[in-house]
Amino acid sequence: MTVLGIETSCDETAASICHDGRILSNIISSQVVHSSFGGVVPEIASREHELMLNSIVNDAISEANLSLGDLDAIAVTQGPGLAGALLTGVSFAKGLSIGLNISLIPINHLEAHIFANFLADPNLSYPFICLLISGGHTQLWLVKNMGIYDLLGETRDDAAGEAFDKGSRILGLGYPGGPQIEKISKNGNPTKIIFPRSLMGSDNLEFSFSGLKTSLLYFMDNFQESKEYRLADVAASYQQAIVDCLSEKLARAIIKTGIKNCVIAGGVAANFCLREE
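Just so we're aligned, residue 1 is where the sequence shown starts under this note's numbering, counting upward by one.
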C-alpha cells in the first residue's frame with residue numbers, strides 16, 4: 001500500500017510517501033518567517049502552508065519516483081495543532097483524495113509522535129512508557145497496544161517545548177527556542193545557577209514549568225554578562241532544570257508501573273541533553 005502523508009499542524013509543511021512501511025520520501029519546509037516574531041504566528045503559518053503545500057507534495061511524489069495515480073490513500077494530520085494550519089492541510093488532502101477517488105486517513109498528531117518510534121526500532125514491544133514532549137504537550141503515556149493507552153500524567157501549565165521557546169525569548173536567543181538554547185548551552189555550566197524544579201520529587205507524575213519560566217525572567221531582569229555568570233551558563237542551567245524534571249518523572253513512571261520499556265517522542269525529544277539522561 002502506498003500512502004501520501006501530509007503534516008501542517010504548526011510551522012512546518014511536510015509530505016512523505018510510505019510504501020508498505022518503508023519511507024520513500026520525506027520533504028519538509030520550515031517556516032523561518034516566524035523567527036522575526038519570536039514565535040509562531042498562526043495566521044502566517046496558515047498562509048505559508050497554503051503557499052507551500054502543492055510544491056511540497058509534488059516534490060515528495062517526485063523523489064519517490066511515483067505519480068499521483070500510484071497512491072492508494074492519503075493520511076493527514078487532523079489535530080491537535082493550530083486550527084487554521086490544520087484546516088489548510090486537511091482541506092488540501094480532502095480535495096486530493098476526492099479527485100483521485102482514494103481513501104483519506106485522519107491522523108492524531110500525538111499518536112503519530114508515539115508510533116514514529118517504530119521507525120527507529122521496529123522491534124519495540126508493548127507495553128511501553130512514552131514521554132511525549134512537544135511545543136504544546138508534555139505527557140506520560142502507558143502504551144498497551146495500538147489505540148490502547150493510559151494517560152499517567154501531564155503538565156499542569158506550560159509544556160516543555162513552550163518553556164524552551166519562552167526561555168529562549170527571555171534570553172534573547174530567538175526562535176525556535178529549543179535548538180537555540182541547546183546550542184549555546186554546550187559552552188555553559190549547567191550547575192552554575194539553581195533554577196526551581198517544580199513537582200520534582202513529588203509522588204505524582206505531573207509536570208509544571210511556569211515557575212521555572214518566571215524564575216528565569218526575574219533572574220534576567222538584573223543580569224549582566226560577567227566572568228561569574230555568562231549567558232551560556234544561564235541557558236545551560238535553565239535547560240538542565242527542564243531535563244531534570246522530565247527525566248525524573250519518566251524514571252518515576254517506570255518504577256510505578258514496573259514497565260522498563262520506554263521511549264521519548266515529540267520535537268523536544270531531539271534535545272541532546274535529554275537523550276544523554
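Source of the hints: derived by calculation from the structure; they are not laboratory data. Think of the CB as a built atom: it goes at the ideal place given N, C-alpha and C, for glycine as much as any other residue. A couple of the hints might just be wrong.
[What the hints assert, rightly or not] As a list, the in silico BS3-like pairs of lysine-lysine whose alpha-carbon atoms are at most 27 angstroms apart:
1) Lys227 with Lys186
2) Lys260 with Lys144
3) Lys144 with Lys256
[Claimed, not checked] Simulated restraints on C-beta separations:
4) Tyr126 with Asp221: 27 to 35 angstroms
5) Gly201 with Lys227: 31 to 39 angstroms
6) Tyr126 with Glu154: 27 to 35 angstroms
7) Ser36 with Leu124: 14 to 22 angstroms
8) Ala120 with Asn145: 38 to 46 angstroms
9) Ser91 with Arg156: 47 to 55 angstroms
10) Ala270 with Val33: 17 to 25 angstroms
11) Ala112 with Lys227: 41 to 49 angstroms
12) Ile105 with Phe223: 32 to 40 angstroms
13) Ile105 with Asp157: 30 to 38 angstroms
14) Ala270 with Ser36: 22 to 30 angstroms
Hints, verified against the model:
{"no.": "1", "hint": "Lys227 with Lys186", "verdict": "holds, 17 angstroms"}
{"no.": "2", "hint": "Lys260 with Lys144", "verdict": "holds, 13 angstroms"}
{"no.": "3", "hint": "Lys144 with Lys256", "verdict": "holds, 15 angstroms"}
{"no.": "4", "hint": "Tyr126 with Asp221: 27 to 35 angstroms", "verdict": "violated, 48 angstroms"}
{"no.": "5", "hint": "Gly201 with Lys227: 31 to 39 angstroms", "verdict": "holds, 33 angstroms"}
{"no.": "6", "hint": "Tyr126 with Glu154: 27 to 35 angstroms", "verdict": "violated, 21 angstroms"}
{"no.": "7", "hint": "Ser36 with Leu124: 14 to 22 angstroms", "verdict": "violated, 40 angstroms"}
{"no.": "8", "hint": "Ala120 with Asn145: 38 to 46 angstroms", "verdict": "violated, 19 angstroms"}
{"no.": "9", "hint": "Ser91 with Arg156: 47 to 55 angstroms", "verdict": "violated, 35 angstroms"}
{"no.": "10", "hint": "Ala270 with Val33: 17 to 25 angstroms", "verdict": "holds, 22 angstroms"}
{"no.": "11", "hint": "Ala112 with Lys227: 41 to 49 angstroms", "verdict": "holds, 46 angstroms"}
{"no.": "12", "hint": "Ile105 with Phe223: 32 to 40 angstroms", "verdict": "violated, 49 angstroms"}
{"no.": "13", "hint": "Ile105 with Asp157: 30 to 38 angstroms", "verdict": "holds, 33 angstroms"}
{"no.": "14", "hint": "Ala270 with Ser36: 22 to 30 angstroms", "verdict": "holds, 23 angstroms"}
Hint check: violations occur at hints 4, 6, 7, 8, 9 and 12; the rest are consistent with the structure.
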